[in-house]
Amino acid sequence: MAHIELVLLQRVEKLGQMGDVVKVRPGYARNFLLPQKKALRATKDNLAFFESRRLELEAQNLKRREEAERVAERVAGLAVVIIRQAGDSGSLYGSVSARDIAVACGESGLSIDRSQVVLEHPIKTLGLKPVRVALHPEVSITVTVNVARSPEEAEKQIRGEAIGADARAEEDAEADLAMAEEAGETPASSAA
Numbered sequence: 023m024a025h026i027e028l029v030l031l032q033r034v035e036k037l038g039q040m041g042d043v044v045k046v047r048p049g050y051a052r053n054f055l056l057p058q059k060k061a062l063r064a065t066k067d068n069l070a071f072f073e074s075r076r077l078e079l080e081a082q083n084l085k086r087r088e089e090a091e092r093v094a095e096r097v098a099g100l101a102v103v104i105i106r107q108a109g110d111s112g113s114l115y116g117s118v119s120a121r122d123i124a125v126a127c128g129e130s131g132l133s134i135d136r137s138q139v140v141l142e143h144p145i146k147t148l149g150l151k152p153v154r155v156a157l158h159p160e161v162s163i164t165v166t167v168n169v170a171r172s173p174e175e176a177e178k179q180i181r182g183e184a185i186g187a188d189a190r191a192e193e194d195a196e197a198d199l200a201m202a203e204e205a206g207e208t209p210a211s212s213a214a
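Here the sequence shown stands for residues 23 to 214, numbered as in our numbering.
Worth flagging that the hints you see were computed from the coordinates, not collected in a lab.
If a hint is listed, it holds; no wrong ones were tucked in.
The calculated label-pair distances, taken between Cβ atoms and stated as ranges, are:
1. E174 x H25: 49 to 57 Å
2. A24 x D135: 26 to 34 Å
3. D135 x A101: 16 to 24 Å
4. E160 x R181: 33 to 41 Å
Straight-line Cα separation of at most 30 Å, DSS-like style, residue types lysine-lysine; simulated pairs:
5. K59 x K45
6. K146 x K178
7. K59 x K36
8. K36 x K66
9. K66 x K85
C-beta atoms are modelled at their ideal positions from N, C-alpha and C, and glycine is treated no differently.
With these hints in hand, go ahead and build the complete structure from the sequences.
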């Protein structure tokens, strides 16, 4: 399959910087780069057009990057809580997607689009998960996503307490230890 040559109008992760002429597959160009105005076909006319507007495009990019850096400083360390149903093992009945994270960030004061959430795989377990949010192609932040069954459980997770089956196992071990102490046994003597 033939590749298409494009000139990038902005930095594209894992592809290149603004002004680079790159070869990509036709579907990637047709379905993503061209509709989102991230690139132009690398024809003689488009290259001349890009060079004539290069300074303007670089200035716009710099302005957007500075705005993204200010937002990143303002929301550094952002943590969001997402409440979901889950089984005793901590596996969710469903998953937490990029859309869910974008909505939760919006409720916390950071309005982002779901396409800005960089999620390798949907979240399918309870717990604290670091998720990267790309505010600009050159600026990203880490948002801590706290997936819990209830707000109380989310607070326990933040404090580092065990939840679910882990918490019950700890409680059972503490109860066994307390019963052994009441019976006059110590863990060292019962092991002998």
